[in-house]
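As a plain string of letters, each chain reads:
There are 2 protein chains.
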Amino acid sequence: MPKEETVVKKEKQKPEFGEDFDVVIIGAGPAGMSAALCSCRAKLKVLILDSALPGGEASTAYKVWNYIGFPDGILGENLAKKMEDHLNNYDISYSCEKVEDIINISSSIKTIKTDLENEYNCKAVIVCSGLEPKEIDKPFEKQFLGRGISYYAQCDGEYYQGKTVAVFGSGNCASYASDYLAEFVEKLYLINPKDYLKAVSSLKEKVMNNSVIDIIWDTEIDDVFGIDKVEKIKLLSNKTGQSTWLDVSCVFVYVGRQPSKDIISIEFEVDEAGFILTDEYMRTNIPGVYAAGDIRSKQIRQIATAVSDGMIAAVNVEKDIIRVRR
Amino acid sequence: MPKEETVVKKEKQKPEFGEDFDVVIIGAGPAGMSAALCSCRAKLKVLILDSALPGGEASTAYKVWNYIGFPDGILGENLAKKMEDHLNNYDISYSCEKVEDIINISSSIKTIKTDLENEYNCKAVIVCSGLEPKEIDKPFEKQFLGRGISYYAQCDGEYYQGKTVAVFGSGNCASYASDYLAEFVEKLYLINPKDYLKAVSSLKEKVMNNSVIDIIWDTEIDDVFGIDKVEKIKLLSNKTGQSTWLDVSCVFVYVGRQPSKDIISIEFEVDEAGFILTDEYMRTNIPGVYAAGDIRSKQIRQIATAVSDGMIAAVNVEKDIIRVRR
Chain V
1 MPKEETVVKK EKQKPEFGED FDVVIIGAGP AGMSAALCSC RAKLKVLILD
51 SALPGGEAST AYKVWNYIGF PDGILGENLA KKMEDHLNNY DISYSCEKVE
101 DIINISSSIK TIKTDLENEY NCKAVIVCSG LEPKEIDKPF EKQFLGRGIS
151 YYAQCDGEYY QGKTVAVFGS GNCASYASDY LAEFVEKLYL INPKDYLKAV
201 SSLKEKVMNN SVIDIIWDTE IDDVFGIDKV EKIKLLSNKT GQSTWLDVSC
251 VFVYVGRQPS KDIISIEFEV DEAGFILTDE YMRTNIPGVY AAGDIRSKQI
301 RQIATAVSDG MIAAVNVEKD IIRVRR
Chain F
1 MPKEETVVKK EKQKPEFGED FDVVIIGAGP AGMSAALCSC RAKLKVLILD
51 SALPGGEAST AYKVWNYIGF PDGILGENLA KKMEDHLNNY DISYSCEKVE
101 DIINISSSIK TIKTDLENEY NCKAVIVCSG LEPKEIDKPF EKQFLGRGIS
151 YYAQCDGEYY QGKTVAVFGS GNCASYASDY LAEFVEKLYL INPKDYLKAV
201 SSLKEKVMNN SVIDIIWDTE IDDVFGIDKV EKIKLLSNKT GQSTWLDVSC
251 VFVYVGRQPS KDIISIEFEV DEAGFILTDE YMRTNIPGVY AAGDIRSKQI
301 RQIATAVSDG MIAAVNVEKD IIRVRR
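Heads up: the protein sequence lines correspond to chains V and F, in order.
When the first sequence is numbered by this note's numbering, its final residue is 326 and no position is left out of the sequence of numbers.
When the second sequence is numbered by this note's numbering, its final residue is 326 and no position is left out of the sequence of numbers.
Calculated directly from the structure, the hints in this document are not laboratory data.
Hints are supplied without guarantee of correctness; some may be wrong.
Lysine-lysine pairs mimicking DSSO-like chemistry, simulated, CA-CA at most 30 Å apart [as the list claims (entries may be wrong)]: (1) V:K204 to F:K43; (2) V:K9 to F:K204; (3) F:K204 to V:K43; (4) V:K204 to F:K9; (5) V:K204 to F:K45; (6) F:K194 to V:K45; (7) V:K319 to F:K63; (8) V:K82 to F:K10; (9) V:K9 to F:K198; (10) V:K81 to F:K9; (11) F:K82 to V:K81; (12) V:K63 to F:K43; (13) V:K187 to F:K43; (14) F:K298 to V:K43; (15) V:K63 to V:K229; (16) V:K206 to F:K9; (17) V:K82 to F:K204; (18) V:K43 to F:K194; (19) V:K43 to F:K206.
The model shown is predicted, which means the values in this text are computed figures rather than measured ones.
Chain V extracted, bound-state conformation (with noise of 0.2 Å):
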C-alpha cells in the first residue's frame, strides 16, 4: 500500500504592504478557510484577513453536531482549530486586521485597504465575513455590554457558573445558547417575545423539557438594572402589558444575525435583509467579487453550508479571473 504523505506543517506568513495577491479572502470563518484551501490546492497566492482570530461565528458554538464527520460532535473551538491547522499545509498569508475598503473595486487589480492603514492589490476577493449579532437596540445594552449583557454563551457563559441568567430570543440560536448554559448555571429564564421556539425538533425538546429552563413567553425585557452589571431585569408581557422583575446576573442576547458591518460601504446587490446576492458560483455583482457563507442571501446557514460556499467560490474565482490571465 501507499506510504503515508509526510505533512509539513507551515507558519502563516504576514502580508506585507503592496504586495499582490491572486485573492483576498475577508472573513477566517469556515467559508473563508474552505475558500483558502481551495484556493492554495488550485495555486494561487493568496491573503485572509480577518478582524478576529480564525473560526468565525463556530468557534463561539458550543458543540458542532450536524458537520458530519465527527461522530462525537465536536467542539466549535476545536474545529476551528483543526480548519486553521489544515490551511497549514500550504503557503497562505494571514494578517488580523478589519477591511475598511476596497479601492477600485471594478478593476481588474483591487487595492484591500485595512484599518491598520495597510494596502494589498489582488485580482479577485471573496466576502466571507460572516454576520454579527443583533442587537435589541434598546439603552440598556450599551450601558451593561461585557458588564452582563453578552452575545456569546460560549465565550462569556463560564463566569456565570451557579448564577441565574436570562437569554433573550425566540429562535434556534437562543434554544442553543440556553441548552448550553443550563448545563452549569443554577437557573435560567428564556425570555421569549414570541409565543413559540423556532428551533430545530431534537434541540427544542430537550429545551422545553429541561428543568433548569423557565421559558417566559410572549414577554419583552423592558430595562436593565444595576451598580455595576446587571442585577435585575424588567420584564414586560406582549399579552397582558404586565411588567414583572426578576433577578439575573447576566441577559444573553439572541435575537438574531445580520451581515457584518465591514463591507457596508459596497455597493453590493443585497436582499431586503441586507446579505449579499450571488449566483450559484458564488458571484456578486461586481466582477472579481465573490461572497460566501452566512454574509450571502441563502437559506440555510450553517458550517457545512458555507464549507461548500467557500469552495465553490474559489474554484470559480480560479476559473473566471486566475486562468483566464495565465
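Using the hints provided, position chain F relative to the given structure of chain V.
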C-alpha cells in the same frame, strides 16, 4: 464548564416490509449520510437504501484533502466510516438494497420497491445515488473486467504492487488515480486521449513531475490482450494514427462518471448530461422528491458540496413535506 455529553451509539435498524417512513434516502454516500443526519436531527423517521455499503464514491478515494477539518488528510474509507459512525448517534434504518422503482411517485405517500422485492412507504424521497464510472464502450472492457480492467484504483490497486499498469483518462480522477498508484507500482503509463491534463494545479504538477509516471499524450487504447488476464495493450495515436504496444498488468479506466442508473426509470427533469435538475432547495420536478450530491446538475462534485446538498435537502423535506402535515 458543561459536562461532556455521553454519546450512546445505536445499532442501525433493519426496515420491515411495508414499513412507513417520513423520508427514504437513496444512496449512502456523503450526500445521503448528511441528509440522513439532518433528517434524524429534525426527528424524522429515516430509511437509507444503498445497493452497496455506506460511503459512496468517497470511500473509494485514497486520501481526501479538501474536506476541511482533517488537517492531515483522511483516507476516503476512514471518512466514510466516521460519517457512518456519526449516524449511529440516532435511530435510523438502513438496508443494502437496490431501488428498482418508486410507485405512486406523485402521491403524498410513495412506495419504494427494491431488488429484494421489499416495499417501503414514505412521504418524501431524497435521491443521492451519485455517479458511476463511465465505460469506454469497447469489447475488451467487459471481457477483462475484474481481470485487469478496473474502475477503482483505491479498491484494486493493491494487487499491482511492483507491477506496470496503465491509467486511461485526461482529467482530475485519472490524475488522482495515477498519483495514488504511482506510490507502489513500478511503472505507470497515463494514456491520455487529449493533449492536456485537466486537473487541479497542485495535482497536475505532482503527476507531471513523478518519475514513475509516463504520460502518453493524444492516444487511445485500441485493444487489450491476454490469455486469462490483461497482459498487453494496443495504443493508437490520435495524431499519427500509429499503433504501439505496451506490457501492462492492469488498465484503470478513468474517462469520467455518469449518473447512476439506479433511478433511470423515474421521469426526472435532467440536464443534457443526464444529471437531475433541482432548485436551490434540492427539489426535483416531482413533488416530495429531492436530489442531492453528485447526481444533481451542478458545477462542483466534491464531498463538501455533497454534504451541503444533503443538509439542504433534509431541511426542505422537513419544511415542505413533514411540518405542513403535522
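Do the hints match the structure? See the list:
Taking the CA atoms of K204 of chain V and K43 of chain F, the gap is near 11 Å; set against the 30 Å cutoff, the hint holds. Distance hint between K9 of chain V and K204 of chain F is fulfilled; the C-alpha atoms sit about 21 Å from each other, no more than 30 Å. Between K204 of chain F and K43 of chain V, the direct Cα distance comes to roughly 11 Å. Compliance with the 30 Å bound is thereby established for this hinted pair. Taking the CA atoms of K204 of chain V and K9 of chain F, the gap is near 22 Å; set against the 30 Å cutoff, the hint holds.
Distance check on the hinted pair: K204 of chain V and K45 of chain F sit about 17 Å apart at the alpha-carbon level, within 30 Å; holds. Proposed proximity of K194 of chain F and K45 of chain V is supported: the alpha carbons are some 29 Å apart, at most 30 Å. At most 30 Å may separate the alpha-carbon atoms for a hinted pair to count; K319 of chain V and K63 of chain F meet this at roughly 24 Å. Using a Cα cut-off of 30 Å, the hinted pair K82 of chain V and K10 of chain F holds, with the two alpha carbons roughly 27 Å apart.
Straight-line distance between C-alpha atoms of K9 of chain V and K198 of chain F comes to about 28 Å, which keeps the hinted pair within the 30 Å bound. In summary, the hint linking K81 of chain V to K9 of chain F is supported, as the alpha carbons are separated by about 26 Å, within the 30 Å threshold. As the CA atoms of K82 of chain F and K81 of chain V are separated by approximately 19 Å, the hinted pair is consistent with the 30 Å bound. For the hint linking K63 of chain V to K43 of chain F, the alpha-carbon distance of about 19 Å falls within 30 Å, and the restraint holds.
Of the supplied pair hints, the one linking K187 of chain V and K43 of chain F holds, its CA atoms being roughly 28 Å apart against a limit of 30 Å. Proposed proximity of K298 of chain F and K43 of chain V is supported: the alpha carbons are some 24 Å apart, at most 30 Å. At most 30 Å may separate the alpha-carbon atoms for a hinted pair to count; K63 of chain V and K229 of chain V meet this at roughly 29 Å. Among the hinted pairs, K206 of chain V with K9 of chain F is consistent with the structure: their alpha-carbon atoms are about 19 Å apart, no more than 30 Å.
Distance restraint check for K82 of chain V and K204 of chain F: the Cα-Cα separation of roughly 26 Å lies within the 30 Å cut-off, and the hinted pair is therefore satisfied. This hinted pair checks out: K43 of chain V and K194 of chain F have alpha carbons roughly 23 Å apart, not beyond 30 Å. With a CA separation close to 12 Å, the supplied pair K43 of chain V and K206 of chain F stays within the 30 Å bound.
Checked against the numbered hints above, the structure breaks none of them.
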